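S.K.: Chain residues, written in single-letter form:
Protein chains: 4
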Amino acid sequence: MRANFNLRSLLAVVALLAATFFFTSGRAPAQNTTSKPAGTPNAQLNPQQLEDLVYANRILADQGIVDGFGHVSVREDNHPDRFIMSRSMAPALVTRKDLMEFDLNGDAIDPQGRGLFAERYIHAAIYRARPDVKAIVHSHSQPVIPFSVTGIGLRPIFHMSAFLGSGTPVFDEQSVAGDTNMLVNDNKLGDALAKVLGNHNVALMRGHGSVDAGTTIPEVVFFAYYTDVNARLQAQALALGTPTYLTPGEAEKSAKNLIGQYGRAWDLWKEKIGKID
Amino acid sequence: MRANFNLRSLLAVVALLAATFFFTSGRAPAQNTTSKPAGTPNAQLNPQQLEDLVYANRILADQGIVDGFGHVSVREDNHPDRFIMSRSMAPALVTRKDLMEFDLNGDAIDPQGRGLFAERYIHAAIYRARPDVKAIVHSHSQPVIPFSVTGIGLRPIFHMSAFLGSGTPVFDEQSVAGDTNMLVNDNKLGDALAKVLGNHNVALMRGHGSVDAGTTIPEVVFFAYYTDVNARLQAQALALGTPTYLTPGEAEKSAKNLIGQYGRAWDLWKEKIGKID
Amino acid sequence: MRANFNLRSLLAVVALLAATFFFTSGRAPAQNTTSKPAGTPNAQLNPQQLEDLVYANRILADQGIVDGFGHVSVREDNHPDRFIMSRSMAPALVTRKDLMEFDLNGDAIDPQGRGLFAERYIHAAIYRARPDVKAIVHSHSQPVIPFSVTGIGLRPIFHMSAFLGSGTPVFDEQSVAGDTNMLVNDNKLGDALAKVLGNHNVALMRGHGSVDAGTTIPEVVFFAYYTDVNARLQAQALALGTPTYLTPGEAEKSAKNLIGQYGRAWDLWKEKIGKID
Amino acid sequence: MRANFNLRSLLAVVALLAATFFFTSGRAPAQNTTSKPAGTPNAQLNPQQLEDLVYANRILADQGIVDGFGHVSVREDNHPDRFIMSRSMAPALVTRKDLMEFDLNGDAIDPQGRGLFAERYIHAAIYRARPDVKAIVHSHSQPVIPFSVTGIGLRPIFHMSAFLGSGTPVFDEQSVAGDTNMLVNDNKLGDALAKVLGNHNVALMRGHGSVDAGTTIPEVVFFAYYTDVNARLQAQALALGTPTYLTPGEAEKSAKNLIGQYGRAWDLWKEKIGKID
Numbered sequence: 001m002r003a004n005f006n007l008r009s010l011l012a013v014v015a016l017l018a019a020t021f022f023f024t025s026g027r028a029p030a031q032n033t034t035s036k037p038a039g040t041p042n043a044q045l046n047p048q049q050l051e052d053l054v055y056a057n058r059i060l061a062d063q064g065i066v067d068g069f070g071h072v073s074v075r076e077d078n079h080p081d082r083f084i085m086s087r088s089m090a091p092a093l094v095t096r097k098d099l100m101e102f103d104l105n106g107d108a109i110d111p112q113g114r115g116l117f118a119e120r121y122i123h124a125a126i127y128r129a130r131p132d133v134k135a136i137v138h139s140h141s142q143p144v145i146p147f148s149v150t151g152i153g154l155r156p157i158f159h160m161s162a163f164l165g166s167g168t169p170v171f172d173e174q175s176v177a178g179d180t181n182m183l184v185n186d187n188k189l190g191d192a193l194a195k196v197l198g199n200h201n202v203a204l205m206r207g208h209g210s211v212d213a214g215t216t217i218p219e220v221v222f223f224a225y226y227t228d229v230n231a232r233l234q235a236q237a238l239a240l241g242t243p244t245y246l247t248p249g250e251a252e253k254s255a256k257n258l259i260g261q262y263g264r265a266w267d268l269w270k271e272k273i274g275k276i277d
Numbered sequence: 001m002r003a004n005f006n007l008r009s010l011l012a013v014v015a016l017l018a019a020t021f022f023f024t025s026g027r028a029p030a031q032n033t034t035s036k037p038a039g040t041p042n043a044q045l046n047p048q049q050l051e052d053l054v055y056a057n058r059i060l061a062d063q064g065i066v067d068g069f070g071h072v073s074v075r076e077d078n079h080p081d082r083f084i085m086s087r088s089m090a091p092a093l094v095t096r097k098d099l100m101e102f103d104l105n106g107d108a109i110d111p112q113g114r115g116l117f118a119e120r121y122i123h124a125a126i127y128r129a130r131p132d133v134k135a136i137v138h139s140h141s142q143p144v145i146p147f148s149v150t151g152i153g154l155r156p157i158f159h160m161s162a163f164l165g166s167g168t169p170v171f172d173e174q175s176v177a178g179d180t181n182m183l184v185n186d187n188k189l190g191d192a193l194a195k196v197l198g199n200h201n202v203a204l205m206r207g208h209g210s211v212d213a214g215t216t217i218p219e220v221v222f223f224a225y226y227t228d229v230n231a232r233l234q235a236q237a238l239a240l241g242t243p244t245y246l247t248p249g250e251a252e253k254s255a256k257n258l259i260g261q262y263g264r265a266w267d268l269w270k271e272k273i274g275k276i277d
Numbered sequence: 001m002r003a004n005f006n007l008r009s010l011l012a013v014v015a016l017l018a019a020t021f022f023f024t025s026g027r028a029p030a031q032n033t034t035s036k037p038a039g040t041p042n043a044q045l046n047p048q049q050l051e052d053l054v055y056a057n058r059i060l061a062d063q064g065i066v067d068g069f070g071h072v073s074v075r076e077d078n079h080p081d082r083f084i085m086s087r088s089m090a091p092a093l094v095t096r097k098d099l100m101e102f103d104l105n106g107d108a109i110d111p112q113g114r115g116l117f118a119e120r121y122i123h124a125a126i127y128r129a130r131p132d133v134k135a136i137v138h139s140h141s142q143p144v145i146p147f148s149v150t151g152i153g154l155r156p157i158f159h160m161s162a163f164l165g166s167g168t169p170v171f172d173e174q175s176v177a178g179d180t181n182m183l184v185n186d187n188k189l190g191d192a193l194a195k196v197l198g199n200h201n202v203a204l205m206r207g208h209g210s211v212d213a214g215t216t217i218p219e220v221v222f223f224a225y226y227t228d229v230n231a232r233l234q235a236q237a238l239a240l241g242t243p244t245y246l247t248p249g250e251a252e253k254s255a256k257n258l259i260g261q262y263g264r265a266w267d268l269w270k271e272k273i274g275k276i277d
Numbered sequence: 001m002r003a004n005f006n007l008r009s010l011l012a013v014v015a016l017l018a019a020t021f022f023f024t025s026g027r028a029p030a031q032n033t034t035s036k037p038a039g040t041p042n043a044q045l046n047p048q049q050l051e052d053l054v055y056a057n058r059i060l061a062d063q064g065i066v067d068g069f070g071h072v073s074v075r076e077d078n079h080p081d082r083f084i085m086s087r088s089m090a091p092a093l094v095t096r097k098d099l100m101e102f103d104l105n106g107d108a109i110d111p112q113g114r115g116l117f118a119e120r121y122i123h124a125a126i127y128r129a130r131p132d133v134k135a136i137v138h139s140h141s142q143p144v145i146p147f148s149v150t151g152i153g154l155r156p157i158f159h160m161s162a163f164l165g166s167g168t169p170v171f172d173e174q175s176v177a178g179d180t181n182m183l184v185n186d187n188k189l190g191d192a193l194a195k196v197l198g199n200h201n202v203a204l205m206r207g208h209g210s211v212d213a214g215t216t217i218p219e220v221v222f223f224a225y226y227t228d229v230n231a232r233l234q235a236q237a238l239a240l241g242t243p244t245y246l247t248p249g250e251a252e253k254s255a256k257n258l259i260g261q262y263g264r265a266w267d268l269w270k271e272k273i274g275k276i277d
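Chains as they are written, first to last, in this note's numbering: chain A, 1 to 277; chain B, 1 to 277; chain C, 1 to 277; chain D, 1 to 277.
Rather than coming from a laboratory, the hints here were simulated on the basis of the structure.
Small disclaimer: the values here were computed from a predicted structure and weren't measured.
Keep in mind that the hints are not guaranteed to be accurate.
For identical chains, the list gives no copy identity; a pair is met inside one copy or between any two copies.
Computed list of lysine-lysine pairs in DSBU-like fashion (alpha-carbon distance at most 30 Å, straight line) [to be verified]:
1) Lys270 x Lys253
2) Lys256 x Lys188
3) Lys188 x Lys253
4) Lys275 x Lys97
5) Lys272 x Lys97
6) Lys270 x Lys256
7) Lys195 x Lys256
8) Lys270 x Lys97
9) Lys253 x Lys195
Okay, chain A solo, but in the shape it has when bound:
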């Protein structure tokens, strides 16, 4: 029976290989052309960073942290004065070939006429100010917005958001530039935001959103996800009564412990996305 099975398996695999060959040989030329687009990032980039960054884009959309807007970047492993982020587009649709390199002034290394995020200066400024930061998310995460406009500080309501314990300052563009279109779309505004962020992991942006800064892509996605969860739960707790937040000591110890846990969430979130282009 078992021998029988192995023979059948072998024949099946041979047949499948043949099928694959015939099918792909009819479609291959088309795919070859689409897989060597002008926009492919250069070969020195760490392929793992590119893959992780595509996943980060898709995960943030899949988990509802970003909608059509928001962006995520990573500092280049082999080139710490550059960072990678997608061209201007919805994160849910980002593929490897949409990724671009930027220098720490927010200038694209090889723009090729592609549309750029007006707010790439958020990323550039924070990478300039914080050598420890390797990955950044900017989102309009919905539960966070009400905290950005009411003066109610976002504080860690449970151990999963302990990284908020060091504080969550609010950047108000009005206070540095008066009436604007609310965007951080130049280096001066970027520097002002980076100054408010200081050494914190998260800063809110009044009437706009928030920024999370981490040391790896999985970490910053974890920060963005649990910043969103914390905001929702803290609002609910405030409606019920007076919440007891994590003490500074609890937050510090919990945040340290979380570092070993990012992989569990990251693996799950990737699995929900499946294979990427």
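Given the coordinates of chain A, assemble chains B, C and D onto it according to the supplied hints.
M.R.: Showing chains B, C and D alone in chain A's frame:
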């Protein structure tokens, strides 16, 4: 039994192979036949408008802005005294052949016995009053309803809903017609609603819903989506404390900037719908 | 080309027929047995009622009005002293062969040893008391529960829930039977509930759920859906301020108008379910 | 080109047919090979417990009770001083071969180098203290967190959560160990939690989550699901006014009745998961 099964399987697969062959070799013509239904709008219509309008219907349903009820229309490019909207049906199910032309009195050009929305006068009246308006959404967007009945003004809580900054008046049918079935189902009521809307982008309708007016289909869908988001976030912020809204200057500058951003959301929303009939 | 296509189509269909034949002939005996199960309701039942009742079960689950619990019934067209509902099971899984007949005492006509809902007396009692009622939903619709325990009356916040305008009394089993398991599991409790319901469309059940009574299946599903929506929106409005509800006149006129609108929602909800067994 | 394509298609389909034939004719043995991975728990385990435990993991994720974190365990039928839970991973991804045995000190019987949940001591300690408990869920169920930090007791708002009626104590790790990382990651903390749980079905954990203890897997999953629902509905009721909870007598009678209802929910939840590995 097993041998029996294998013989049957073999015959079945051979037959399927034949079916596959015949179908795939003749695929294109098949689509031609399905595309000439009686209900097709006339040939002078801009096909891009028709496609966009079908997408707008599907997107509004997919994003939860409409359920079985609500409608979206567009003023005809080549015929500014006419507009296009679907026959009376759930937006999620609309296809090109469900689209119909109406004149600015709300009369169907070629009804063909199809059911018409009782509230097409919302659209007719606003197109009459506002030559700048090219597209209109009417919805019962759920987070907006509580604002329509409590006298709490909808105000821009973040830059994505800056288009609310010019004001969001509330139309109360009771004040113009006493007890009614709450519908705007004739031109007199339509005119009263259009008067309340004035030059604003959005008007609420007490105990009913809201109407968004824009200059393109992607813009008006963007308005409808972020009107809904703003209502939810503003309610949450009001539960937390006293929100700081965008200043008039911030709203004006942000709204102007948004115009260049509609495409990013529109592309994402279309992608989630996929191909349409 | 077109002739060509028709020939190909014909061949394809012949081939598909053959494939279908071979496949089903290998499986047919199994399917035949499952399609003439002991539980099939008798032949005098209106097949449209059976189909609608299966859809009602699935729709209520799909729209989140019921989870594993809750039930829907219909009074028999050809036998007004009987009603049809499923055996005891989750509504999402109901198929035609799970439907059973009951008399107006809540006794199964032909139980065949199947499990019965302990609360079929809700249905029996209301059908006894209300000859105008042809279809009933009992659910634990979540937004409704808080209204059942706080003395805050559910009132129509917009025209889509105008059917609430005639009042939404609350049945408290404690007041008629002291401490119980909260179920309406005999005719005496059923009568007490029916008495509280009176001539209303909806009654709440303290610490339990609600019951909707209508004249057709699409109507009662519409009632159940918008009872749920109204509860959520009314709670949000109460958090914002003091809502203006529909006036009695508005509610009456709106409710009358809604009757013509059920089909639009019903068609959409059925489409989301697809084909049923 | 077209002829070319048709030839390729034909060859491909023939090959696929062959593959289908070989695979389907040998399907059963193939599954045997994939089911003897190194991680398979030993043969004395009750296969029904293993299957139920995999379903419990998937259901808790599918119903939103757990995200990447949280865990569920079962006491071994044939070995009451051991329990089974997965290696350290997201519940949504658990398969039979990820299940491991632990003794009542929380030590893995045969670790094989796999990562273990730091909080397996929650389970070990409760199994030690409560011989009646056969299954345990630990989650960060979101609506429950606000109750864990505000001193507002979780109480049964409807009959489906009557099992809360015996009380829902809150474990505060701060009170027994000062500033920690909030985890119950040793037997001393486990004992402190088990002591707070006492004979209740549910205990909350301040700034962390909750634990549900039951006599079967379907029961404890039911507890976890309706603990979550109750928290959300109780918060909504508290926003509306002063809720009337189930009386102790109602809770006791309702909880007793629920025991016969778990199967209805369990069947539905399993059906939504489909087949498992």
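S.K.: Taking the hints in turn, state whether each one holds.
M.R.: Taking the hints in turn, this is what the structure says about them:
no.: 1; hint: Lys270 x Lys253; result: within (27 Å within a copy, 38 Å between copies)
no.: 2; hint: Lys256 x Lys188; result: between (33 Å within a copy, 21 Å between copies)
no.: 3; hint: Lys188 x Lys253; result: between (36 Å within a copy, 18 Å between copies)
no.: 4; hint: Lys275 x Lys97; result: both (15 Å within a copy, 23 Å between copies)
no.: 5; hint: Lys272 x Lys97; result: both (21 Å within a copy, 20 Å between copies)
no.: 6; hint: Lys270 x Lys256; result: within (23 Å within a copy, 37 Å between copies)
no.: 7; hint: Lys195 x Lys256; result: both (24 Å within a copy, 28 Å between copies)
no.: 8; hint: Lys270 x Lys97; result: both (19 Å within a copy, 21 Å between copies)
no.: 9; hint: Lys253 x Lys195; result: both (26 Å within a copy, 24 Å between copies)
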